[in-house]
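**Q** Sequence:
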Amino acid sequence: MDVNSSISLLSHIHSITADFLTAKLKERGFPDFASSHGNILFQLSVNEKMTMGDLAKKINRDKSTTTVLVRKLEAEGFITGSPDPADKRSRIIFLTEKGKQFNTIAMELSKDLLDTFYKGFTEEEKELFFQSLLRINSNFI
234 MDVNSSISLL SHIHSITADF LTAKLKERGF PDFASSHGNI LFQLSVNEKM
284 TMGDLAKKIN RDKSTTTVLV RKLEAEGFIT GSPDPADKRS RIIFLTEKGK
334 QFNTIAMELS KDLLDTFYKG FTEEEKELFF QSLLRINSNF I
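Be aware that the sequence shown starts at 234, since it is given in our numbering, and climbs by one per residue.
I should point out that these hints are in silico values taken from the structure, not numbers from a laboratory.
Keep in mind that a hint or two might mislead.
[As the list claims (entries may be wrong)] Straight line, CA to CA, 25 Å or less: simulated BS3-like cross-link-like pairs of lysine-lysine:
#, residue 1, residue 2
1, LYS359, LYS344
2, LYS352, LYS290
3, LYS291, LYS331
4, LYS344, LYS333
5, LYS352, LYS257
All chains should be built: construct the whole structure from the sequences, respecting the hints.
**A** Given below as structure tokens:
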């Protein structure tokens, strides 16, 4: 591998970190989720309630894909929705108590993931790595 393998390596890391979290969630009795499901629950923990359009933007998915993801989470009891008083065609989505419990556990698992991810890194190396990722991200937006 060399620096030209960076994207492939990022993809691999994304896959193994998703597998890490999926395995840990199964240990805690939670169903299989796509990373987008977890991202929706995370976004709702940060923003409390969101329209479907805002949620789609935050998770970088189109509205139809977001609708499918939201329906699964609703069926599992993690989120619920109500009509948007400002726009009856839109829905406001928010966490249920079960969704809030999931996010509490997910926060613990995220700490485990980050501890594994940054094992052997100094604080300075972590910051440099993060800044590099921000620069890469800004190249695409």
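**Q** Which of the stated hints cannot be reconciled with the structure, identified by number in ascending sequence?
**A** 2
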